[in-house]
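Asker: From first to last, the protein sequence lines stand for chains Z and U. Going letter by letter, the first sequence gives residues 1 to 115 in the numbering used here. Going letter by letter, the second sequence gives residues 1001 to 1113 in the numbering used here.
Note that these hints are calculated values from the structure, not bench results. Each residue gets a CB set at the ideal place from its N, CA and C atoms; glycine is no exception. Check the hints yourself; a few may be wrong.
Claimed, not checked - These stretches of chain Z come out as covered by chain U in the derived footprint (C-beta under 8 Å, 3 or more residues):
no.	stretch
1	32-42
2	45-53
3	103-114
What the hints assert, rightly or not - Chain Z is faced by these chain U residues, among others (derived, beta-carbon under 10 Å):
no.	residue
4	Tyr1033
5	Gly1042
6	Leu1045
7	Phe1090
8	Gly1107
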Amino acid sequence: GDSVTQMEGPVTLSEEAFLTINCTYTATGYPSLFWYVQYPGEGLQLLLKATKADDKGSNKGFEATYRKETTSFHLEKGSVQVSDSAVYFCALSERLRGGYNKLIFGAGTRLAVHP
Amino acid sequence: DAGITQSPRHKVTETGTPVTLRCHQTENHRYMYWYRQDPGHGLRLIHYSYGVKDTDKGEVSDGYSVSRSKTEDFLLTLESATSSQTSVYFCAISDGTGAREAFFGQGTRLTVV
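Next comes chain Z alone, as it looks inside the complex:
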């Protein structure tokens, strides 16, 4: 079945550092790819998405490019802030029988940014 693998955390960075969180996937067909962010005590919020190869999703300074040749969707940000401290989840949308969909998540990567 489809699966998502993302780098283990925690990732600890200083403010203004460059961020990369790696995500690779295994899927049949052409799934949509997502990054979600979870702040402490809250639900998951959609951060960005991409629906086809070479698409670049971007939001709040974060970017990720759908790379079909490497089956990857790495999350990047040029300059992180303390407020970016959270858990980040990579996910793909798997089509189920009957045309329905479910999200398959990676295990999550905790990011801690220090002043």
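Since chain Z is already given, all that's left is putting chain U on it; use the hints.
Answerer: Coordinates of chain U only, in the frame set by chain Z:
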């Protein structure tokens, strides 16, 4: 923010008791999902619904049942709670169009003692 309300937000219950969690949406989305979140596992799908009275099992459905009698409400029931069901439960909704992303509620933290 998508209009999704989960209740209760926190619950402590005893082993062997039944528990029902509620998810209420105001978006009129067709698809609703229940996930559980556990350390090291990300989120795993318990059950989902693709319409009123139409539900199906996810990857970790044992010990759980669901019901959807109205578009806006999706109930998750633990028939006889066990300690292994201690988790954070998230409801999600999707309209199934475009990228087919889902929007999540705030979660219910359930502790089974």
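Asker: Each hint needs a verdict: does it hold in this structure or not?
Answerer: Here is how each hint holds up against the structure:
1. 32-42: holds (count 4)
2. 45-53: That given contact holds, which follows from 5 residues of the stretch 45-53 of chain Z lying within Cβ reach (below 8 Å) of chain U.
3. 103-114: holds (count 5)
4. Tyr1033: Cβ of Tyr1033 of chain U sits 7 Å from chain Z, so the hint holds.
5. Gly1042: Since chain Z brings a Cβ to about 4 Å from Gly1042 of chain U, closer than 10 Å, the hint holds.
6. Leu1045: holds (5 Å)
7. Phe1090: For Phe1090 of chain U, the interface hint holds, since the closest Cβ of chain Z sits about 6 Å away, which is under 10 Å.
8. Gly1107: Result: holds, 5 Å to nearest chain Z Cβ.
The structure shown violates none of the earlier numbered hints.
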